[in-house]
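Q: Listed below are the residues making up each chain.
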Amino acid sequence: MSAYEAVIGIECHVELKTETKMFCGCRNEFGGEPNTKVCPVCMALPGSLPVPNRKAIEYMLRAGAAFDAEIPEFSKFDRKNYFYPDMPKNYQISQYDMPLTQGGVVRYWLEDGTMKTCRLTRIHLEEDTGKSTHAGSGDGRIAGSSYSLVDYNRAGVPLMECVSEPELHGADEAVAYLESLRRTLLELGVSDVKMEEGSLRCDANVSVRLVGAAELGTKTEIKNMNSFRSVHRAIESEIERQTTALESGARIVQETRGWDEIHGVTHPMRSKEEAHDYRYFPDPDLVPLEIAAAHVEHLRGALPELPWRRFERYTVQYELGAKQATQLIDNPALARYFDRVVEASGNPQQSTNFVLGELSRLANERGVSVAESAVTPEHVAELIGMVEAKTINSKIAKEVLTRTWDGAGSPRSVVEKEGLAQTSDPAAIEKLVEEVLGANPGVVAEYRSGKVAVAGFLVGQAMKASRGKADPQLVAELVKKRLG
Amino acid sequence: MSVLTERSAAEIARDVNARKLSAREVVDATLAHVDAIDAEVGAYLTPLHDLARATASRVDERVAHGERLPLAGVPLAVKDNMCLVGTRTTCASKILERWSAPYTATAVQRMLDAGCVPIGKTNLDEFAMGSSCENSALGVTRNPFDLTRVPGGSSGGSAAAVAAREATIGLGSDTGGSIREPGAFCNLIGFKPTYGRVSRYGLIAFASSLDQIGPLTRSVEDAALAFDAMGGHDPMDGTSIDRALEPTATALREDLRGLRVGIVREFALDALGPEMAAVYERAYADLKALGATLVDVSLPTAEHGLATYYLIAPAECSSNLARFDGVRYGLRVDGPDVNAMYERTRAAGFGAEVKRRILIGTYALSSGYYDAYYVRAQKARTLIARDFADAFAGCDLIACPATSCPPFAIGAVSDPYSMYLMDYYTIPMSLAGIPALSVPCGWVSEGGTPLPIGLQLAAPHFAEGLLLGAAHAYERATEHASKHTPRAGAPA
Ligand SMILES: [Zn+2]
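Residue numbers (this note's numbering), protein chains in the order written: chain H, 1 to 484; chain R, 485 to 976.
Keep in mind that the hints are not guaranteed to be accurate.
Stretch-level coverage of chain H by chain R, calculated; a stretch enters the list once three of its residues show a Cβ under 8 Å from a Cβ in chain R [unchecked claim]: (1) 121-134; (2) 181-191; (3) 288-299.
Once the Cα atoms are required to be at most 20 Å apart in a straight line, the calculated EDC-like pairs of lysine to aspartate or glutamate come out as [what the hints assert, rightly or not]: (4) R:LYS863 with H:GLU197; (5) H:LYS80 with R:ASP855; (6) H:LYS223 with H:GLU187; (7) R:LYS863 with R:ASP880; (8) R:LYS839 with R:ASP754; (9) H:LYS76 with R:ASP855; (10) H:LYS131 with R:ASP855.
What follows is a list of derived Cβ distance ranges for each label pair [what the hints assert, rightly or not]: (11) R:GLU730 with H:VAL287: 19 to 27 Å; (12) H:GLU297 with R:PRO820: 34 to 42 Å; (13) H:GLY138 with R:ARG582: 49 to 57 Å; (14) H:MET269 with R:GLU581: 52 to 60 Å; (15) H:ALA294 with R:GLU581: 33 to 41 Å; (16) R:ARG582 with H:GLU29: 28 to 36 Å; (17) R:ARG744 with H:THR121: 34 to 42 Å; (18) H:GLY367 with R:PRO820: 32 to 40 Å; (19) R:ALA538 with H:MET269: 29 to 37 Å.
Keep in mind that the hints were calculated from the coordinates and are not lab data.
Ideal Cβ positions, reconstructed from N, Cα and C, are used throughout, including at glycine.
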């Protein structure tokens, strides 16, 4: 047990999924030939002016409402001034002291189902930069490169910056936090949140301190993590590096470090001494934003069911396991389907069994999603009803489901057409049992000499004779009774 | 032939619409006049002969098809900090010397839509920073009334062009007085509308919260026609005001009866010397004679206007001009790495005054100085605006000098601070965002040369109709502008 504990804060940049860019009419789409989605505004041609995208502001407010953030009635855009070739104006329109949302909380859960919270510092709106490619410098950085190419397609894409408080303790919590953030933004429909396409990018501020210490340790900022897996690995590696350093009496330097995916370590990138003075000031090209309190109230009331609430409903109300609940939440179409099955059947446990079991297996096998298959939630509920009424057993139910999936009609009609209804007539079953016992005198003798386990074999034989349609419980009872 | 160039925009549009005159005739006459005298005046950085002729022919076609254009065939001079597609747009700076605009500014487009014909792009103080046009990196512009003197600035090229009859309407931009001061120096109406009335889209920014496009004309009626054509909401400019524009050209007045005109207590005329003071005393008396009631008003914080302006405007400009970096367009001077390229490009591309303002602005926004300079300046700006609001509670218009001196000799004002003082009377209105104009109000004589003087009138936000109406009454009654003709460009 280490004497040190980690304290982590996460800073995320999320590209908003608007039709057009933040301050101009260019398409907001990933990819494309370089410099084809540009105009005078996002290229910062002389004389061009920004006009804010109302939809992006709406998306921000929706996210703020979902994270229970404070949404002030007054907000503004500021200019963050620094020179870099991929930033056309050499200032970024961002928000400094009056962001659209303040505070808030991200509720997330760990693999074992424990619900946790991490407070947010703020969420603000800004514009993305272009992308540079530096040639001839070996490490892909601008220093020492012989030339650079810049693609401004991404310049001006609305970017939400979401900063957490340093309240995460370890890589598991950090990744669980990110997953919850991602699920929530997906549910709100405000972003694709794809790390591989750069619509979600995150940096981690990592420090360690002696367990129980009040002060935070010196932090490092970790960059260049391009998947949740690399976030996890990078944080673990950095915690280990800092802990080892402190244990050997060394000091942690406040710096930015880059994650090296191949070697599995972080490397120093630049130290804080080079910190910029960004000379923030209110952007005189943009009038301050006034957000009506009534509108914010409306947004708060119109939120969809958020993933963490859904998780609670599944695990607490429906008593699903954390893994099953997460599996459903991570497939929103399947979760919606599941909810309709539960609604129609009133049986969450059986709904889970069918949706995550046989239906998911079929979807996988046939390459069609459950929601798009011929099996409707009402079909599944009907099937569950027949199992509950012991009209069919669960083995037959799976068979019926396959037939329905393949277009044979509703489960009830399949059962009727094919005579698959379970036999629960005691007289008929008793006759079957007698036949089986008569045909297996040796086994009966074994049972009677004390080897009671052979009863299972006799039950199996009786089930087989019924072609699976007999009520297995009734068969077992009768076998025991006859042998008794 | 050249009598065509004497005509007002109203007259030209009337005759072109009536097909008594073709736009092409007007423009050919204007271009011939430009060719004859602009070497002397230096109003244009880029004359646009071919575009002018093609546009004039297009206007004639439109009129022939039955369109009625409020400014049909009117020759237009465009200050070279406004984009006009396919033409060189330089800001009179080496950094944009060879940059061609791929789009057209909204205000320019609206003037073209109204039937104007662009004669050329005019000189200015580099990036509109200056009060004499002497800060241009690309040429010298002379005052048509005395070629040894400056035309004022920064819209000096447009002012000189209109004064010398090389255009009928000039487009200028006013940040702290850059339309009103050259208007006064060149015997013109120089009109700065309410901030946000005319779109800034396509106007290369100097100080975004102050910049405003407006006309320079030889009559108030022409200024009103130009404003009616170029004003109004533009979705491309986030600071453009979404408010209906009442036509001003049809609401011009012939007297000032019923109006209270505020005379600013703090702007004592004796500071101007006896000759100019007499001109303004006479101007105030004329306002009264036209039926106005003169009232005493106070602008106690206006004296801080200059200091306030020279923090806010440079702060904004330091950020606005960051885009001129050699990466995407304009001048590039290569260097061993990107930072050296930035430094060399900007060192070679910007003139001394532009660099001075970028440095002042960068300093004012720097951490540790921001609160002491930028934030305080914004507070002072609020107080100045409040002073105007208080003053307008007791008057309808304010009258005061437009400038503190007549046009001065080229090279005579060499230190920056003396140059900044040129805008002493115009800056407070810019900070308040209210509409203001200069109208010719008399002449003073220096070395035997009569030099024009301008009266500044200012009105509350959005009261352009009242402002232009009053200026029209004053102009009609006094006829100061027509007392002398320019030395350059006088009718042959
Ligand atoms: Zn664009």
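Q: If a hint holds in the structure, say so; if it doesn't, say that too.
A: Here is how each hint holds up against the structure:
| no. | hint | in the structure |
| --- | --- | --- |
| 1 | 121-134 | violated (count 0) |
| 2 | 181-191 | violated (count 0) |
| 3 | 288-299 | violated (count 0) |
| 4 | R:LYS863 with H:GLU197 | violated (45 Å) |
| 5 | H:LYS80 with R:ASP855 | holds (16 Å) |
| 6 | H:LYS223 with H:GLU187 | violated (27 Å) |
| 7 | R:LYS863 with R:ASP880 | violated (25 Å) |
| 8 | R:LYS839 with R:ASP754 | violated (35 Å) |
| 9 | H:LYS76 with R:ASP855 | holds (18 Å) |
| 10 | H:LYS131 with R:ASP855 | violated (34 Å) |
| 11 | R:GLU730 with H:VAL287: 19 to 27 Å | holds (23 Å) |
| 12 | H:GLU297 with R:PRO820: 34 to 42 Å | violated (58 Å) |
| 13 | H:GLY138 with R:ARG582: 49 to 57 Å | violated (35 Å) |
| 14 | H:MET269 with R:GLU581: 52 to 60 Å | violated (39 Å) |
| 15 | H:ALA294 with R:GLU581: 33 to 41 Å | violated (53 Å) |
| 16 | R:ARG582 with H:GLU29: 28 to 36 Å | holds (33 Å) |
| 17 | R:ARG744 with H:THR121: 34 to 42 Å | violated (54 Å) |
| 18 | H:GLY367 with R:PRO820: 32 to 40 Å | violated (57 Å) |
| 19 | R:ALA538 with H:MET269: 29 to 37 Å | violated (56 Å) |
In this structure, the hints that do not hold are numbers 1, 2, 3, 4, 6, 7, 8, 10, 12, 13, 14, 15, 17, 18, 19, in rising order.
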